[in-house]
Amino acid sequence: MVDVIKNTQIHCTYGCKSSKAVQPDVAGKMISKAKRPLFIVGSQILKDEELLKRSIEIAKKADLPVAATGHSMSGLVDQGINAKYINVHALATYLCDPNWTGLDGSGQYDTIVVLGHFKYYIDQVLSGLKSFSKIKSIAIEREYIQNATMSFGNITPAVHIEALDELIDNL
Amino acid sequence: MVDVIKNTQIHCTYGCKSSKAVQPDVAGKMISKAKRPLFIVGSQILKDEELLKRSIEIAKKADLPVAATGHSMSGLVDQGINAKYINVHALATYLCDPNWTGLDGSGQYDTIVVLGHFKYYIDQVLSGLKSFSKIKSIAIEREYIQNATMSFGNITPAVHIEALDELIDNL
Amino acid sequence: MSELTTGKFSMAISDLENVQITINNIVGAIEKEADEIDVEMGPTVKPGVSSLRDWDHNILERYNPVYTPMCDQCCYCTFGPCDLSGNKEGACGIDLAGHNAREFMLRVITGAAAHSGHGRHLLHHLIGLYGKDHPLDVGATNIIAPNVQLVTGVSPKTLGDLDSVLSYVEEQITQLLAAVHVGQEGASIDFESKALHGGMIDHVGMEISDIAQISCLDFPKSDDEAPLADIGMGCLDASKPTLIVIGHNVAAVTDIIDYMEEKGLNDKIELGGLCCTALDMTRYKTGDRTLPRAKVVGTLAKELKTIRSGIPDVIIVDEQCIRADVLKEASKLMIPVITTNDKVMYGLKDRSNDSIEDILEDLTTGKEKGALMFDYVKLGELAPRLTMMMSEIRKQKGIKALPTDEELKELADKCVHCLKCEVACPNSLPISEAMTALSEGDLSNFEVLHDQCIACGRCEFACPKDIDIVNVIEKSSQRVISEEVGKVRVGRGPISDPEIREEGVNLVLGTTPGIVALVGCSNYPDGTRDLFTIADEMLRRSYIVVVSGCSAMDLGMYKGEDGMTLYEKYPARFKSGGLLNTGSCVSNAHITGAVIKVASIFAQKNISGNYEEIADYTLNRVGAVGVAWGAYSQKAASIGTGCSRLGIPVILGPHGSKYRRALIAKPYEEDKWSVYDARNGSKMQIPAAPDYLLTTAETVEEMMPMLAKSCIRPSDNNMGRMIKLTHYIELSQKYLGIMPEDWYKFVRTETDLPLAKREKLLKILEKEHGWEIDWKRKKILSGPAMKSDVSAQPTNLKRLCKEA
Amino acid sequence: MSELTTGKFSMAISDLENVQITINNIVGAIEKEADEIDVEMGPTVKPGVSSLRDWDHNILERYNPVYTPMCDQCCYCTFGPCDLSGNKEGACGIDLAGHNAREFMLRVITGAAAHSGHGRHLLHHLIGLYGKDHPLDVGATNIIAPNVQLVTGVSPKTLGDLDSVLSYVEEQITQLLAAVHVGQEGASIDFESKALHGGMIDHVGMEISDIAQISCLDFPKSDDEAPLADIGMGCLDASKPTLIVIGHNVAAVTDIIDYMEEKGLNDKIELGGLCCTALDMTRYKTGDRTLPRAKVVGTLAKELKTIRSGIPDVIIVDEQCIRADVLKEASKLMIPVITTNDKVMYGLKDRSNDSIEDILEDLTTGKEKGALMFDYVKLGELAPRLTMMMSEIRKQKGIKALPTDEELKELADKCVHCLKCEVACPNSLPISEAMTALSEGDLSNFEVLHDQCIACGRCEFACPKDIDIVNVIEKSSQRVISEEVGKVRVGRGPISDPEIREEGVNLVLGTTPGIVALVGCSNYPDGTRDLFTIADEMLRRSYIVVVSGCSAMDLGMYKGEDGMTLYEKYPARFKSGGLLNTGSCVSNAHITGAVIKVASIFAQKNISGNYEEIADYTLNRVGAVGVAWGAYSQKAASIGTGCSRLGIPVILGPHGSKYRRALIAKPYEEDKWSVYDARNGSKMQIPAAPDYLLTTAETVEEMMPMLAKSCIRPSDNNMGRMIKLTHYIELSQKYLGIMPEDWYKFVRTETDLPLAKREKLLKILEKEHGWEIDWKRKKILSGPAMKSDVSAQPTNLKRLCKEA
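First to last, the sequence lines map onto chains H, U, F and Y. The UniProt record's numbering puts the last residue of the first sequence at 171; the count rises by one with no breaks. The UniProt record's numbering puts the last residue of the second sequence at 171; the count rises by one with no breaks. The UniProt record's numbering puts the last residue of the third sequence at 804; the count rises by one with no breaks. The UniProt record's numbering puts the last residue of the fourth sequence at 804; the count rises by one with no breaks.
Possibly wrong hints are sitting among the right ones.
[As the list claims (entries may be wrong)] List of simulated lysine-lysine pairs, DSS-like, C-alpha gap at most 27 Å:
| # | chain 1 | residue 1 | chain 2 | residue 2 |
| --- | --- | --- | --- | --- |
| 1 | U | K136 | Y | K672 |
| 2 | U | K29 | U | K134 |
| 3 | H | K60 | Y | K734 |
| 4 | F | K367 | Y | K672 |
| 5 | Y | K349 | F | K802 |
| 6 | Y | K369 | H | K84 |
| 7 | F | K414 | F | K328 |
| 8 | Y | K745 | H | K47 |
| 9 | Y | K763 | Y | K734 |
| 10 | U | K84 | F | K367 |
| 11 | Y | K369 | H | K20 |
| 12 | Y | K409 | Y | K369 |
| 13 | H | K136 | F | K420 |
| 14 | Y | K666 | F | K349 |
| 15 | F | K285 | U | K84 |
| 16 | Y | K798 | F | K367 |
| 17 | U | K84 | F | K757 |
| 18 | F | K734 | U | K60 |
| 19 | F | K46 | Y | K46 |
| 20 | F | K395 | F | K414 |
| 21 | U | K134 | Y | K767 |
| 22 | F | K763 | F | K776 |
| 23 | Y | K369 | F | K672 |
| 24 | F | K465 | H | K136 |
| 25 | F | K672 | U | K84 |
| 26 | Y | K559 | Y | K734 |
| 27 | F | K397 | F | K285 |
| 28 | U | K134 | F | K465 |
| 29 | F | K221 | F | K776 |
| 30 | U | K134 | U | K53 |
| 31 | Y | K367 | F | K798 |
| 32 | Y | K763 | H | K84 |
| 33 | U | K47 | H | K20 |
| 34 | Y | K367 | F | K672 |
| 35 | Y | K763 | H | K136 |
| 36 | F | K378 | Y | K46 |
Derived by calculation from the structure, the hints in this document are not laboratory data.
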């Protein structure tokens, strides 16, 4: 098993409440079990083909609707997944609104999974969700995302890919 | 063994660097091993006779010089220990000064042990030491002191007394 | 042009023939004129941010800035958050020391802005009512505004004169706030200088606020026999319709008092106040020593408790020190809230232009939870009428506030003793134990906690069982609360010139052992009673005790064994053994004002624009010490920092460490403890006291000897030093059980020694410190580090020395 | 009294016979006079904190404050730290939303204070040199100060007129800072209103700063052919003695330039600047289009790199955006630092009153690391002379800065690839990989990082091997740096009235697709080149691109395929396809100024004290959007927030999320997307654009279609809508690979559709959205939610409606 939960403590910079470090197998199972999940994929997936591939695979295998933020959409079109472009800051706003019916009109989400974002940006965006919503967030980035509910730690790109593969196995 | 390291995470309120939770036996051994230790005893020991007793016992058994802060001195006079009154805020200032020669003129300290303080006050005082000195601080309070180098967690008064006894056994 | 003054003037046109005038220059001309009128003008008239920097660096050389960060990161800009732990640099290059100095400075100017923002509001309001030419009158003094004059060189005579001084204050605050911006100051020492500047400016802002209201609202004017007011939660008559006012700015309330008086409602409505508005309500129209119209409920710490009691029928808030959840809490109990100041608006609809009837309709039906009202005349009528109506309505609806006895027991039984409340409690109060006792029917633990609890409510958010812990404390303490009935002296305003003239010499020579100013807020480490203990002890020892704001209130809550409050027992005069309440938070300026006046009146120093010299005089010769035992607010940081620059040491309670920065000297750095003798520029050793300018103490007991030591000054004559040393030694023995270690360092000659103990002390000096004693004449032959020379003129400033 | 104006006036004494004058009233009278002179005065002349609250609540109803806290606790007062996570309340009763609104407000007023504090310094300096009566002249305009006039009703004519406006600004900032104090505002919505007030005030402060310096220092005055200046680290001639100036306030530097010119040193000394002082140095004395005397090195992101290069022989700093470690870093390389402003003093000795020779002695011998100098005439001589001397000395001493090639390799080999640097890096840059490549002799990774790296230095503090990573990046990128030679248009100042007259109609009808203002700092997510990409794209599409400050600099660093910078390629005129640099950070006021002038000149709206109406006009009719892609500072937050209140949407780069608060609307809340038609007060549906007032974008690619959409306004005519929609669709397809989901929502009629795609789009409308199409006439029969009616007068304000 790959260890992805190291180096979490030193980044406790946002105050009292920090995300729980999570291993890929557990993250995978949690994603599978979510009732109304949303996969939020950022534009950093375009910087690494392996990452892009995994993103698509996760969406497909777990049948996750995808919120394509930034310009990640340009890598996700015509890939046979249910992806829609949305600005991530706006998305987080809507996610805090119980009246929002989601990208597909079927209602608010209960779990979000984030991948492919700038660390600092997704951390900020999630800080809003952490404080003003009850949505569970699972960060499967290669950096520790303190404001997620659960997060991988700080790992190398190579370990990250390995971890995502393990996660996919557990979907 | 008494568990004194629970409830540490939720008090990570001072930023990036938090104290390490420590068990009483380990703390005891560390105190014994210190080259130039100082036992900083606050006035809260006067609120509980059991605590006062343990304070004196620790000072005696480990032969620790005592900085009696607040009005703790009134409980420490004529107890056969080497205690001197000093204001804890001033003390912390001197502790950050490499030129200070200590309460006895023999030079700066390397390890301090704190007991009997208001949680918030000692946490502040230690935040200065944490940032501006290399002195190691061991908090054996019944509250988790985030800015110490090592600290007990948040425990009940009864468990605290038990823990101090265990610490004393390990001196 | 001789008629030109800074106030109103009439021009004889003939004088001005053939003169071209540019408006801005007229104003300039007048300022110059003012300068000329004054005999002498010091070097720093309206000092800028750097003008007094040399003085700051001078005192900071001895009094080291000590940082105890609240957080080891910075999150000011989008480079961050930056981890500065271990004094690392952040992305902009600032290190933890620099950032903390900046953080402290920001607290200081926030406090200064609160006071001067208050002053601006008040001044605008009062000028609107009384005109710019309304004369300033604060009692028997030639120095109406010592802080204003010291800093700006202006001797204001009218309300209008305060306007430009306030603009100066606002300019300085803006300059200081600018320096908070990322990429400005890089050196902590210069952030310190800026903080000191902000503190100084704060006293100007406070002074303006208070002299404006004293002059217009018939407050006591330097009155040493101001009346007494009722204080305490217990003094509210809950059977009457109750109107509660919370905040710091009396502007909105005067119209209510007037309306009630006019309509004969004084006996029909209970009018109570929390925080400084309460104090200023008692000052309103008591210049003639008639009894105050309003009752004082207490400080910020009583706000939540007062609301939770359900007693208020209407709440008015103005500004400062108001709990942010007043509207939320009040609404739960159907208490309408009226906001009256743009600093606190709670999102409420502005009803200033609506008819009173419409507003009454909306509030009594609960359609609106409150209203924003800037029209104070309208408010004057609205508030009392609404109170009468709400009282009826709330009675009819049977609004239930605190739990019943049964419910109380149930709540206690619900407790699972997880300790989360205690961890959340800012004072780590033993709630869990008290719950156990309560379950067994014993209220006493909670009765004790009631005094220690500041009713912040953090425990309730922490409780996994949703126990309303504040309610539990309050309900359990009903007996104690009903006995909270005390007296507070109505704020007297400034110290008069005759008082200074009488007492100045005693202070400078030390024969009056010192001034102890108990100021600041109600965030006490161990309950409000501590204040009584301090004042009682120091008054018995003939110190002058000056109080203001929250401290003035809490001090009045306790009675001695004789059943009297200290206010009833000690004279309100500025003299040895006097207990003076200057007034509300902004009245703190009269305490520094008194010190400035000592230099002016007793020592005949010019004070106009002469800050450095006066501060130097204070530091070296005036034995005054401030105590902000319950300091919580940024205003307290600001007031204290103003004292630091002026050379007055201040001790804070342990919570004060959370201001992040103290100024602490090192007695062991012996070269730091000398000054010049202004007579000839020679160096002279001085005692290491005060050994801080801003510090904290752990307990009241620890602070007692600190207070005595802090009043020791180089200028003490032998009698003075003897008196001060006696108190230092006695207080140390009484509260710490020991002789102070350093007592001998303050001895210059045998006559400095306490008479009763002289022989014994001489023996110790000989034996333990190796001093030579002539036992026959009982004289010290050698040993002291300092000489005794009452005519020496100690100063930190070389420029003031004759041969320099 | 007809001669009374707000400016200079001469009184004929005979006119005044038998008149009693109270000085303060004269000033009052003049203000009134000013009011009367203006044809019309709006309802909010010098608005207080709550005066525009209704407008704020109006826009906040649609544009929700969105909080993304940087920290879930509060540490303002000594009750704290309080855990507010999960929106809990702290000890004072404030919750996380309230606290974050307050935190944001504090950032805004910090920025506003920085600008207006700068303005105060500058104004004081310039009045000292040129007098209060010096006329304001900013070029061809009747509205010299649109922001000042809009907010305060004052039309300033002289330097002196700016003085009282600045006092108003300082009063407002103090009032807002007061509200930061604990126990003040309890509702986040009213902190929002206060933040918006602070943002508005900021534009007044900025405007004052810039029009003062334009009027006095021979800057270009609304010049659409201002010259070009050299920019880039590569343009410094390291062989010459080099004097580098860092900061934002040109006051201190003008004397240096004058001295150098007078002594013929222009060719002998390399004078370069970093940050806005650099920009303003290039504006100095270029009003006649002569070439600038100074070179621009770059933004804040180049400060550490410039120092580390060892090239500067002397560094002068003034204020704002200066790394806090300049003195520390410079000292290591024997570069003396001169501070010149009380906002940044670095603890250095004040040498203002010392002789130049003494100072030269102390600095050249290294006895002092730097000096504080407030005497700018002295500085003018000191700095160039010191530069010449230090150049010699530093050469002789063989000061070594960057590592040699060998050392570089050694440094790379030392790396243990622990990733700590990457974790510390604000942009998570792949340093570890680059080290590996470097070890193998490949510099290219670091060359790429050089553009992305903001040289903050956090990595170096994190490195367990003490590798000077910034030096490694810089040394590795010497080739790239040497090629950093670009051109930047010298700041032109305001947009002239003729330009507005010409372009206003196109903007309001949409036929010029929009104004894109690229402003703010250099904290880019992915390097400086992004700015070029944005501007290039938008200019090709005939948007007006306006730039200022850091953005203006970085934009000039890149060349297109034709080898030209965009400045060289596009006209500097306010017209479709124009690229305008207004100037430095304070010149941002000219961008809002231009928008205000559109309302004034094109729509003939009164602007004096008429804020709400103009903001409403802007929001509904002027297709302008701000981009602060590298926003890092509190000033950027403040500028952006001023835009928010004025109805101009602003997009920040992803780092901007760390300002903690955005204003984001919900397009799915359909009831929020309607306004009144001022012709009759009826409601009209409007497109959901802009759908934010302040938000962030993840990447430049994402932002491109956002920009186009953000310029869509209800007032677009069909041609205008068609043009805007075309760009929206094309940019979405180009950068996201898809048609935007909501494109059809902006279609009111077939003529709104892009001509080239009309048929195809009509088909989609029919098929996917169920619209009815008359295929014969190619007309839409039903479907659109909105009507197309160019004569409609969309407004959010009921009071402006005729039948309201």
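Outcome of the hint check:
Between U/K136 and Y/K672 the CA atoms are separated by roughly 59 Å; this puts the pair beyond 27 Å, and the hint is violated. For the proposed pair U/K29 and U/K134, the alpha carbon gap of about 20 Å is at most 27 Å, so the pair holds. Restraint check: the Cα-Cα separation between H/K60 and Y/K734 comes to about 26 Å, which is no more than 27 Å; the hinted pair holds. Between F/K367 and Y/K672 the alpha-carbon distance is near 23 Å, which keeps this suggested pair within the 27 Å criterion.
At most 27 Å may separate the alpha-carbon atoms for a hinted pair to count; Y/K349 and F/K802 meet this at roughly 25 Å. For the suggested pair Y/K369 and H/K84, the alpha carbons sit about 58 Å apart, so the restraint of at most 27 Å is broken. Proposed proximity of F/K414 and F/K328 is supported: the alpha carbons are some 25 Å apart, at most 27 Å. Of the pairs offered as hints, the one joining Y/K745 and H/K47 is violated, with about 33 Å between alpha carbons and a cut-off of 27 Å exceeded.
As the CA atoms of Y/K763 and Y/K734 are separated by approximately 21 Å, the hinted pair is consistent with the 27 Å bound. Of the supplied pair hints, the one linking U/K84 and F/K367 is violated, its CA atoms being roughly 65 Å apart against a limit of 27 Å. Pair hint Y/K369 plus H/K20 does not hold up; C-alpha atoms about 48 Å apart against a cutoff of 27 Å. A C-alpha spacing of about 32 Å is found between Y/K409 and Y/K369, which places the hinted pair above 27 Å, so the restraint is violated.
Note on H/K136 and F/K420: the hinted pairing holds, with a Cα-Cα distance of about 24 Å set against a maximum of 27 Å. The straight-line distance between the Cα atoms of Y/K666 and F/K349 is roughly 24 Å, inside the 27 Å bound, and the hint therefore holds. Only pairs whose Cα atoms come within 27 Å are accepted, and F/K285 paired with U/K84 is rejected, the gap being roughly 54 Å. A hinted pair counts as satisfied when its Cα atoms are at most 27 Å apart, and Y/K798 with F/K367 qualifies at roughly 23 Å.
Of the pairs offered as hints, the one joining U/K84 and F/K757 holds, with about 23 Å between alpha carbons and a cut-off of 27 Å not exceeded. Among the hinted pairs, F/K734 with U/K60 is consistent with the structure: their alpha-carbon atoms are about 26 Å apart, no more than 27 Å. Between F/K46 and Y/K46 the CA atoms are separated by roughly 26 Å; this keeps the pair inside 27 Å, and the hint holds. Between F/K395 and F/K414 the alpha-carbon distance is near 30 Å, which puts this suggested pair outside the 27 Å criterion.
Of the supplied pair hints, the one linking U/K134 and Y/K767 is violated, its CA atoms being roughly 73 Å apart against a limit of 27 Å. Straight-line distance between C-alpha atoms of F/K763 and F/K776 comes to about 13 Å, which keeps the hinted pair within the 27 Å bound. Distance hint between Y/K369 and F/K672 is fulfilled; the C-alpha atoms sit about 25 Å from each other, no more than 27 Å. For a cut-off of 27 Å, the pair hint linking F/K465 to H/K136 stands: about 23 Å separates their Cα positions.
For a cut-off of 27 Å, the pair hint linking F/K672 to U/K84 stands: about 24 Å separates their Cα positions. A distance of roughly 22 Å separates the Cα atoms of Y/K559 and Y/K734; the hinted pair therefore holds under the 27 Å criterion. For the suggested pair F/K397 and F/K285, the alpha carbons sit about 37 Å apart, so the restraint of at most 27 Å is broken. Distance hint between U/K134 and F/K465 is unfulfilled; the C-alpha atoms sit about 42 Å from each other, more than 27 Å.
Of the supplied pair hints, the one linking F/K221 and F/K776 is violated, its CA atoms being roughly 55 Å apart against a limit of 27 Å. Between U/K134 and U/K53 the alpha-carbon distance is near 30 Å, which puts this suggested pair outside the 27 Å criterion. Proximity of Y/K367 to F/K798 is assessed by CA-CA distance (about 23 Å); at most 27 Å being required, the pair is judged to hold. A C-alpha spacing of about 22 Å is found between Y/K763 and H/K84, which places the hinted pair at or below 27 Å, so the restraint holds.
With a CA separation close to 38 Å, the supplied pair U/K47 and H/K20 exceeds the 27 Å bound. Proposed proximity of Y/K367 and F/K672 is supported: the alpha carbons are some 23 Å apart, at most 27 Å. The hinted pair formed by Y/K763 and H/K136 fails the criterion: a straight-line CA distance of about 41 Å is larger than 27 Å. This hinted pair checks out: F/K378 and Y/K46 have alpha carbons roughly 24 Å apart, not beyond 27 Å.
Of the numbered hints given earlier, the model fails hints 1, 6, 8, 10, 11, 12, 15, 20, 21, 27, 28, 29, 30, 33 and 35; all others are met.
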